[in-house]
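Undergrad: Each chain, letter by letter, is given below.
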Amino acid sequence: DTGVSQDPRHKITKRGQNVTFRCDPISEHNRLYWYRQTLGQGPEFLTYFQNEAQLEKSRLLSDRFSAERPKGSFSTLEIQRTEQGDSAMYLCASSPGVLSYEQYFGPGTRLTVT
Amino acid sequence: GENVEQHPSTLSVQEGDSAVIKCTYSDSASNYFPWYKQELGKRPQLIIDIRSNVGEKKDQRIAVTLNKTAKHFSLHITETQPEDSAVYFCAAGGGSNYKLTFGKGTLLTVNP
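Protein chains in written order, with my numbering: chain A, 1 to 114; chain B, 1 to 112.
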């Protein structure tokens, strides 16, 4: 499968714990995005990378959230001190290059905070 | 920032009928408008997109139209089939803004 992959697919954690998700983009895609989707809503932008540089971060993103893309390939999204309101589907998407706007999504990681 | 409104939130049609979903956007700098289909429990799938230098684009049974002056764009699905049943999202972005802003989605049900 050469599409975007995410791991884990499901995560159940207790409030206050830290969690980390991984995203592997389509090979040679320069841009990588993180979105969050809650039931009945469209994906909501969190942050994106151009290669290893994090170029934009949503103002809605709490300081408890951090993302990295250290070598310009896979990315990780960490949530510290999780809260019940963090329960959502976390989607990763990748995009081919500088002149391309198309984004291709991964299957998502469903986070449940109890 | 960009704001995208999508209507209707639910749409039920008979197999073989046409379906139309409409979106409006607020940022005149946006110039890229994709549509995604999301089946239950699956990833959003890009089905068609349009850029602002084009007024209409068609791919088999689906088409998208764009009115940049009025800041609205629409998805048209003809000869609907039960497998078209899903949630459809519109989005806007482009220019120096590589992120996408999504509408809230339309649940399309095609009844056999």
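These aren't lab readings, by the way, just hints derived from the structure by calculation. It is possible that part of the hints are untrue.
[Said to hold, decoys possible] Computed list of lysine-lysine pairs in DSS-like fashion (alpha-carbon distance at most 30 Å, straight line):
#1 B:Lys42 - B:Lys104
#2 B:Lys57 - B:Lys104
#3 B:Lys104 - B:Lys22
#4 A:Lys14 - B:Lys42
#5 A:Lys57 - B:Lys104
#6 A:Lys57 - B:Lys71
#7 B:Lys22 - A:Lys57
#8 A:Lys11 - B:Lys42
#9 A:Lys14 - A:Lys57
[Stated by the list, open to error] Derived DEER-like restraints, expressed as beta-carbon distance ranges:
#10 A:Arg64 - B:Leu46: 27 to 37 Å
#11 B:Gly55 - A:Thr114: 41 to 51 Å
#12 A:Ser27 - B:Ser18: 30 to 40 Å
No residue lacks a Cβ here, since even glycine has one placed at the ideal position from N, Cα and C.
Undergrad: Which hint numbers doesn't this structure obey?
TA: Checked against the structure, no hint fails, so every one of them is satisfied.
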